[in-house]
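Mind docking chain B on chain A? Use the hints.
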Amino acid sequence: MRKQQTCSYGWQVKAAQALAAATLCIAPSLLSAHHSFTAEFDLAKPVTLKGTVTKLEWTNPHARFYIDVKESDDAIVNWELELGSPNTLLRYGWKRDSLKIGDEVVVEGYLAKDNSKMANARTVQFPDGRKVSAGSASDSTSPGAK
Amino acid sequence: MPKTKIFNTRGNGLPPCPLFLVLVLFAMLALGADTAGIGGKLLDPNGNAVTGTGAAVFATNIAGGAPIRTAVLPDGGFQFAGLAAGTYDIAVPLPCCMYTSFQRNGVVVQAGQTLRLDLPIAWGINLGTIGDDPVMLANDMRARAKVPVASVPRGSDGKPDFNGVWANIPDPAAAKPPPLQPWAAQIARERAENNRKDAPGNFCLPNSSVPLILPFQYRLVQTPKLLVIIQEFDTPGYRQIYLDGRNHPQDWNPAWYGHSIGKWDGDTLVVDTVGFNDRGWLGNAPHTEKLHVVERIWRPDFGHLEAEITMEDPGAFSAPWKTTIHAGLLPDEDILEFVCENNKPVHMVGK
Numbered sequence: 106m107r108k109q110q111t112c113s114y115g116w117q118v119k120a121a122q123a124l125a126a127a128t129l130c131i132a133p134s135l136l137s138a139h140h141s142f143t144a145e146f147d148l149a150k151p152v153t154l155k156g157t158v159t160k161l162e163w164t165n166p167h168a169r170f171y172i173d174v175k176e177s178d179d180a181i182v183n184w185e186l187e188l189g190s191p192n193t194l195l196r197y198g199w200k201r202d203s204l205k206i207g208d209e210v211v212v213e214g215y216l217a218k219d220n221s222k223m224a225n226a227r228t229v230q231f232p233d234g235r236k237v238s239a240g241s242a243s244d245s246t247s248p249g250a251k
Numbered sequence: 193m194p195k196t197k198i199f200n201t202r203g204n205g206l207p208p209c210p211l212f213l214v215l216v217l218f219a220m221l222a223l224g225a226d227t228a229g230i231g232g233k234l235l236d237p238n239g240n241a242v243t244g245t246g247a248a249v250f251a252t253n254i255a256g257g258a259p260i261r262t263a264v265l266p267d268g269g270f271q272f273a274g275l276a277a278g279t280y281d282i283a284v285p286l287p288c289c290m291y292t293s294f295q296r297n298g299v300v301v302q303a304g305q306t307l308r309l310d311l312p313i314a315w316g317i318n319l320g321t322i323g324d325d326p327v328m329l330a331n332d333m334r335a336r337a338k339v340p341v342a343s344v345p346r347g348s349d350g351k352p353d354f355n356g357v358w359a360n361i362p363d364p365a366a367a368k369p370p371p372l373q374p375w376a377a378q379i380a381r382e383r384a385e386n387n388r389k390d391a392p393g394n395f396c397l398p399n400s401s402v403p404l405i406l407p408f409q410y411r412l413v414q415t416p417k418l419l420v421i422i423q424e425f426d427t428p429g430y431r432q433i434y435l436d437g438r439n440h441p442q443d444w445n446p447a448w449y450g451h452s453i454g455k456w457d458g459d460t461l462v463v464d465t466v467g468f469n470d471r472g473w474l475g476n477a478p479h480t481e482k483l484h485v486v487e488r489i490w491r492p493d494f495g496h497l498e499a500e501i502t503m504e505d506p507g508a509f510s511a512p513w514k515t516t517i518h519a520g521l522l523p524d525e526d527i528l529e530f531v532c533e534n535n536k537p538v539h540m541v542g543k
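Same order as they appear, the protein sequences are chains A and B.
The first sequence maps to residues 106 to 251 in the working numbering.
The second sequence maps to residues 193 to 543 in the working numbering.
In short, the hints are calculated from the structure, not lab data.
In this text, a Cβ means the ideal position worked out from N, Cα and C, and glycines have one as well.
Watch out, some of these pointers could steer you wrong.
Stated by the list, open to error - Just the calculated beta-carbon pair ranges, DEER-fashion: (1) Asp526(B) x Ser177(A): 45 to 53 Å; (2) Asp526(B) x Thr159(A): 56 to 64 Å; (3) Ser221(A) x Pro371(B): 36 to 44 Å; (4) Phe395(B) x Gly198(A): 29 to 37 Å.
Unchecked claim - From chain A, some residues computed to sit far from chain B (all C-beta separations above 10 Å): (5) Lys160; (6) Asp173; (7) Val174; (8) Asp179; (9) Leu195; (10) Trp199; (11) Asp208.
Stated by the list, open to error - Calculated pairs, DMTMM-like style, for lysine to aspartate or glutamate (alpha carbon to alpha carbon, straight line, at most 25 Å): (12) Lys205(A) x Glu529(B); (13) Lys536(B) x Asp178(A); (14) Lys389(B) x Asp208(A); (15) Lys150(A) x Glu385(B); (16) Lys389(B) x Asp178(A); (17) Lys200(A) x Glu525(B); (18) Lys200(A) x Asp332(B).
Bound-form chain B, shown alone:
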């Protein structure tokens, strides 16, 4: 048996030399004067590097082609190499709440040039307030979590066990708002223009009618007949999902979180919620008492939880709306007490 040639592993009879030359030529092109680079750092208004966001920088050549992606490094730096000379639009999508997404168009880079481009990142809606970014906190907690590699645990009833502290993994795409009827869209616009000054959370009321979509960490406490979600940073912060086979009650006072019952579909828990009041917000969107939410929750592996959430509201939405959450396990974290006692909406001016 002859020894396999390094450059001819497919055994197609071609001599190795041409392929080698092509590789050398490609390497020379990549390193040579015909290509360009862009690199720098993401800097916040305090002059600190923007790190820990899991963000990426996108460069789009205005001559065409797909955006080119490079990850932001742990020190806040980024580097594009091997770009074609030309004009690029640079974008950095960033999740709420510490920073605002960045966009700069028309960045020109010449052949052979490595352009130094530091990106000034503006504050997001929290205006850079120390200790006020739940998404960043969740990112940091997930980054330091020591998650064992193990199979999905199961309870005494054989069902997947969701017990644990979880934090959602930011997914900017999932922040797409629901399709709204004109009256509801108008309200959502006004709320955004007013910088959410009348949001229920400002008055120590629930931040969301569907708390699972909030960026705050939560603990799932699961028994065969009851699942309890204890959510930090929200009021009341606990939600009960009945797994004992009961139906929704006939007489029910509309409630902020509604009334939830769950049943298993294989390894997926299907939670059905109705009975909402019409005072809660979904992001900036209003909803009516007709809101109906189905959350399909499963645990794909030990360290992750997923939920597909479908909402319909014939009173406010123009179509059903689906979103997904992905959560990471935080084995060493606890949920802390959150009594909302000191919000001061009197200072909320709005615009």
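So here's chain A without its partners, still in its complex pose:
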């Protein structure tokens, strides 16, 4: 297996330049996902939502699910939650029925910048208490993990 490359061109210069080099070489100038979530959601506005799944969209480039959240005694609000691509989720063990209509879930994410009832999903806690999260450990990303 080929050795993983790092920002080698930056690390050979003196220490004072290292930070600048590191900043440059990690700029996502060529590598980008389908869209930048930072254009859509606000890192400064984390949110935790508890509700009942009402709809699922197992569609590219982003799967989405919707939950009814009881925001007060007389107000139930439907929230839209965005995941990655079904193609990627499938490879991490998600199936289109990993979430089912009627499931009670708790979702952590960041609110939409346009103030619509939307958030991305960075953790999903399933009815049986299992919590699936984003991250590099595929175990924690898979809803099938123990």
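Using the frame of chain A, we list chain B on its own:
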């Protein structure tokens, strides 16, 4: 023939004892109170260890010297041992898209101390969305790939056979943007400041005019007269490279991926592409219809594919720009259907 002495293998006549003492002294220094250590874990905002990135931690002593590198372990931990006491700048370069690179300056470590230092890693541009990091997916797929050790296969025409599913190996250095003319640099800056809200991919249009540089896995389908690249996660996701000796057409409607012809230079396939429209993006950089791309593709061994890509655009670049990709074979993976139907640019605010 006398038996060779263990500590005198070069036969230079020196007695073994001094070298032994030097080794003992060195070991004592390495383990002793005069040196220091820094260790801890990389933790994401969910509190999980950051693993599987193939990342490394760099410590640079502000008194001088080259950065010291240690690999991030499979459990997200890292450990520096045998450091000189002093003040260090700590850096962790991380590829797009799940995480942001880490930098903390002025970390002081005393002689004899092993400093516990967990590194809080912030989300990258995907804000920690579950299942939305193509680089991580590619890393994970490559990590579990069972690649046979074999020579480069060849087709019936004797040429190297590129058939297979491939994923690029992240190379942050290759993400260096092209040298741009001032007008183009200004546009690239605005796109970055707007968090790429107007990127073609947001509208289910091609993510890149040169799809081979994308982090998404792809299948190469090679015949003697045609090479087809089927790229997951991009639209239209297929690209045809004609190997039948034809030239670029005289009349051609500018296209997102351009028009590609290839010919062999020994075991290297040289792909020449022109005929681009001016609507595609290269990262954040714009280009014009003058864009000309040459991809030199070869397979150094069974499990790897390499490409050296040279782009020139006298309308937008200030100089030709060269980048390389390294890809790993994924023998057990398939390319899945990707119909882009559900992007919602209406919610893209930008800044």
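Requested in this report: Please name the hints from earlier in the document that this structure breaks, with their numbers sorted from lowest to highest.
Outcome: Numbers 2, 9, 10, 13, 14 and 16 - these are the hints that the structure violates, sorted from lowest upward.
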